[in-house]
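First to last, the protein sequences are chains A and B. Here the first sequence stands for residues 2 to 263, numbered as in the numbering used here. Here the second sequence stands for residues 2 to 263, numbered as in the numbering used here.
Source of the hints: derived by calculation from the structure; they are not laboratory data. Using N, Cα and C, we set each Cβ at its ideal position, and we do this for glycine too. Treat the hints loosely; a few may be bogus.
[Said to hold, decoys possible] What follows is a set of in silico ranges between Cβ atoms, one per label pair, in the way DEER data are often shown:
| id | chain 1 | residue 1 | chain 2 | residue 2 | range |
| --- | --- | --- | --- | --- | --- |
| 1 | B | S102 | A | S129 | 52 to 62 Å |
| 2 | A | P79 | B | Q194 | 22 to 32 Å |
| 3 | A | A105 | B | M212 | 41 to 51 Å |
| 4 | A | N192 | B | N234 | 50 to 60 Å |
| 5 | A | L236 | B | G28 | 31 to 41 Å |
| 6 | B | S209 | A | A105 | 51 to 61 Å |
| 7 | A | E49 | B | A215 | 26 to 36 Å |
| 8 | A | E144 | B | Q213 | 21 to 31 Å |
| 9 | A | V87 | B | Q233 | 51 to 61 Å |
| 10 | A | C58 | B | M212 | 37 to 47 Å |
| 11 | A | E109 | B | A215 | 38 to 48 Å |
| 12 | A | A215 | B | E163 | 30 to 40 Å |
| 13 | B | A148 | A | P196 | 34 to 44 Å |
| 14 | B | N234 | A | C58 | 30 to 40 Å |
[Said to hold, decoys possible] Take a look, some chain B residues computed to stay more than 12 Å from chain A by CB distance:
| id | residue |
| --- | --- |
| 15 | S9 |
| 16 | D60 |
| 17 | I82 |
| 18 | G123 |
[As the list claims (entries may be wrong)] If the Cβ cut is set under 7 Å, some of the chain A residues that face chain B in the computed set are:
| id | residue |
| --- | --- |
| 19 | M85 |
| 20 | V87 |
| 21 | S98 |
| 22 | L101 |
| 23 | S102 |
| 24 | T119 |
| 25 | A172 |
| 26 | A175 |
| 27 | V199 |
| 28 | I204 |
| 29 | T221 |
| 30 | G222 |
Protein chains: 2
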Amino acid sequence: MTEEKKLSVVFIGSGNVATHLAGAFSGAGHRVVQIYSRSLQNARLLGEKYGATFTDCVDKIYRDADLYLFAVKDDVLPELIRQMPVTSGVWVHTAGSLPLSLFAERGENYGVFYPLQTFTKGRELNFSEIPIFVEGDSTTTEEKMQAIAQTISDNVNLLSSEKRKYLHLAAVFACNFTNHMYALASEIVENQQIPFEVLQPLIAETASKIMQIAPQDAQTGPAVRLDETVMQNHLKLLTDNCERDIYTLLSQNIHIHARRKE
Amino acid sequence: MTEEKKLSVVFIGSGNVATHLAGAFSGAGHRVVQIYSRSLQNARLLGEKYGATFTDCVDKIYRDADLYLFAVKDDVLPELIRQMPVTSGVWVHTAGSLPLSLFAERGENYGVFYPLQTFTKGRELNFSEIPIFVEGDSTTTEEKMQAIAQTISDNVNLLSSEKRKYLHLAAVFACNFTNHMYALASEIVENQQIPFEVLQPLIAETASKIMQIAPQDAQTGPAVRLDETVMQNHLKLLTDNCERDIYTLLSQNIHIHARRKE
Numbered sequence: 002m003t004e005e006k007k008l009s010v011v012f013i014g015s016g017n018v019a020t021h022l023a024g025a026f027s028g029a030g031h032r033v034v035q036i037y038s039r040s041l042q043n044a045r046l047l048g049e050k051y052g053a054t055f056t057d058c059v060d061k062i063y064r065d066a067d068l069y070l071f072a073v074k075d076d077v078l079p080e081l082i083r084q085m086p087v088t089s090g091v092w093v094h095t096a097g098s099l100p101l102s103l104f105a106e107r108g109e110n111y112g113v114f115y116p117l118q119t120f121t122k123g124r125e126l127n128f129s130e131i132p133i134f135v136e137g138d139s140t141t142t143e144e145k146m147q148a149i150a151q152t153i154s155d156n157v158n159l160l161s162s163e164k165r166k167y168l169h170l171a172a173v174f175a176c177n178f179t180n181h182m183y184a185l186a187s188e189i190v191e192n193q194q195i196p197f198e199v200l201q202p203l204i205a206e207t208a209s210k211i212m213q214i215a216p217q218d219a220q221t222g223p224a225v226r227l228d229e230t231v232m233q234n235h236l237k238l239l240t241d242n243c244e245r246d247i248y249t250l251l252s253q254n255i256h257i258h259a260r261r262k263e
Numbered sequence: 002m003t004e005e006k007k008l009s010v011v012f013i014g015s016g017n018v019a020t021h022l023a024g025a026f027s028g029a030g031h032r033v034v035q036i037y038s039r040s041l042q043n044a045r046l047l048g049e050k051y052g053a054t055f056t057d058c059v060d061k062i063y064r065d066a067d068l069y070l071f072a073v074k075d076d077v078l079p080e081l082i083r084q085m086p087v088t089s090g091v092w093v094h095t096a097g098s099l100p101l102s103l104f105a106e107r108g109e110n111y112g113v114f115y116p117l118q119t120f121t122k123g124r125e126l127n128f129s130e131i132p133i134f135v136e137g138d139s140t141t142t143e144e145k146m147q148a149i150a151q152t153i154s155d156n157v158n159l160l161s162s163e164k165r166k167y168l169h170l171a172a173v174f175a176c177n178f179t180n181h182m183y184a185l186a187s188e189i190v191e192n193q194q195i196p197f198e199v200l201q202p203l204i205a206e207t208a209s210k211i212m213q214i215a216p217q218d219a220q221t222g223p224a225v226r227l228d229e230t231v232m233q234n235h236l237k238l239l240t241d242n243c244e245r246d247i248y249t250l251l252s253q254n255i256h257i258h259a260r261r262k263e
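The following block holds chain A by itself, in its conformation from the complex (with noise of 0.2 Å):
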């Protein structure tokens, strides 16, 4: 991380990820000095906590910050982004899956701020481990976006919006869907009285194991091989058809991958 002038940051949105970087942003010194939410009670906890004022009111943001930080459901962002004041400063989102381009349209210094991590309330977070992906309209812009993110984190990247989605993609396999793995793991375990517990050291070590070695090469079980015994039996097992259809296209999949490694 390194040193900046110190900012003013204005946050329009209240949730996991403002939450966060509110924290991320105050910790490095920046001043965060309003919270927009369109829940004043969420804009008023947010903003009691860095000495911020807070609204739900577009029209009392204020003008003359330094960065406006948008985080924001995705379905919301467009119609905000039309309805806020024209202000000074920097306007970024944190949407993995929007481009740059939603800001065209109210002219000029703004850029897309996304730290790669899944952000959840009350878990404290070490920012400078999370890489932050940044773009601008300029090279003004990005310069100064980086400048901005290497403050609070030490894995800073710029990326055009047409990659950054292939990364929510990614993102969405790497957390969404492997969580939901631990979900379905969990249930299967829990129905027979055995405490998800048990399962924790697997996964811990599942998920430490490929900062080792590559998941392709990391795979083990019996989808590798294709063993329809023990698959048959397994599927036995499971009662839902969709949580059958799923273990069986994925062992598929796995086999076809451990195939193309041969």
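Place chain B on chain A using the hints.
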């Protein structure tokens, strides 16, 4: 872990599980006396590490050890059990998906010793944290197995063959299927010349989060609310039909689970 009489142990098998278990047993003060493997070369490699003899001939397996630990591929285990000479001691296998009854035709004093972990060559593991599930043909054997397992792990549980089948199925989801999500994510980013490393903090946090929050409650992303716009855009990026099916099926299933919770 508890103190227990030091045992002489014969390993039947020389793969990842045998290798890791030999290390754990030796580390706990037991004597690894012999390694049997169909590959004499592998038997020798492992045997020499622990000052044990090695053989690729079933007839040469010692008859007087305290424990015979079978860690071979599922499909060769039944035949190997039939071929084994009569010995003293306890016979145990380490297969998650195979029943205790495999040993039934060969007399008494047998059990299962199932360490729930993914074992990879060259990765050091802290065995004391690995859950071990034991089962025996009698209360005496079960008590013996528990005492032995407790010399290498702090997390020893009795579990029936019936329930172990479900545990093994859950492990496929929590480990093999999860690893496949990592593999697919890694392909998606690497096809865009983005290094897989950028996903690692996300993967680590996703795995770490569920130690604190149930995976059902930790789920985020477009599938939870079945966000059609994001999902359609993601599907456009996936060129492989099988991967598109996986994306759709998992997204639908995540949504079903999220609605169940409401």
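Do the hints match the structure? See the list:
1. S102(B) <-> S129(A): 52 to 62 Å: holds (54 Å)
2. P79(A) <-> Q194(B): 22 to 32 Å: holds (29 Å)
3. A105(A) <-> M212(B): 41 to 51 Å: Since A105(A) and M212(B) have Cβ atoms about 43 Å apart, the given range 41 to 51 Å holds.
4. N192(A) <-> N234(B): 50 to 60 Å: About 36 Å separates the Cβ atoms of N192(A) and N234(B), which means 50 to 60 Å is violated.
5. L236(A) <-> G28(B): 31 to 41 Å: For G28(B) against L236(A), whose Cβ atoms are near 38 Å apart, the range 31 to 41 Å holds.
6. S209(B) <-> A105(A): 51 to 61 Å: violated (38 Å)
7. E49(A) <-> A215(B): 26 to 36 Å: For E49(A) and A215(B) the Cβ distance comes to about 30 Å; the hint holds.
8. E144(A) <-> Q213(B): 21 to 31 Å: Roughly 38 Å apart at Cβ, these two residues miss the hinted range, so it is violated.
9. V87(A) <-> Q233(B): 51 to 61 Å: violated (34 Å)
10. C58(A) <-> M212(B): 37 to 47 Å: holds (41 Å)
11. E109(A) <-> A215(B): 38 to 48 Å: holds (46 Å)
12. A215(A) <-> E163(B): 30 to 40 Å: holds (36 Å)
13. A148(B) <-> P196(A): 34 to 44 Å: violated (22 Å)
14. N234(B) <-> C58(A): 30 to 40 Å: Since N234(B) and C58(A) have Cβ atoms about 32 Å apart, the given range 30 to 40 Å holds.
15. S9: Label holds. Min Cβ-Cβ 28 Å, cutoff 12 Å.
16. D60: holds (28 Å)
17. I82: Fine: 16 Å to the nearest Cβ keeps I82(B) off the interface.
18. G123: The claim breaks: G123(B) does not keep its Cβ more than 12 Å from every Cβ of chain A (closest is about 8 Å).
19. M85: violated (22 Å)
20. V87: Since chain B brings no Cβ nearer than about 28 Å to V87(A), farther than 7 Å, the hint is violated.
21. S98: holds (5 Å)
22. L101: violated (15 Å)
23. S102: At 14 Å from the nearest chain B Cβ, S102(A) fails the 7 Å test, so the hint is violated.
24. T119: holds (6 Å)
25. A172: With a closest approach of 6 Å, the A172(A) hint holds.
26. A175: holds (4 Å)
27. V199: holds (5 Å)
28. I204: For I204(A), the interface hint holds, since the closest Cβ of chain B sits about 5 Å away, which is under 7 Å.
29. T221: holds (6 Å)
30. G222: holds (4 Å)
Hints 4, 6, 8, 9, 13, 18, 19, 20, 22 and 23 from the earlier list are contradicted by this structure; the remaining hints agree with it.
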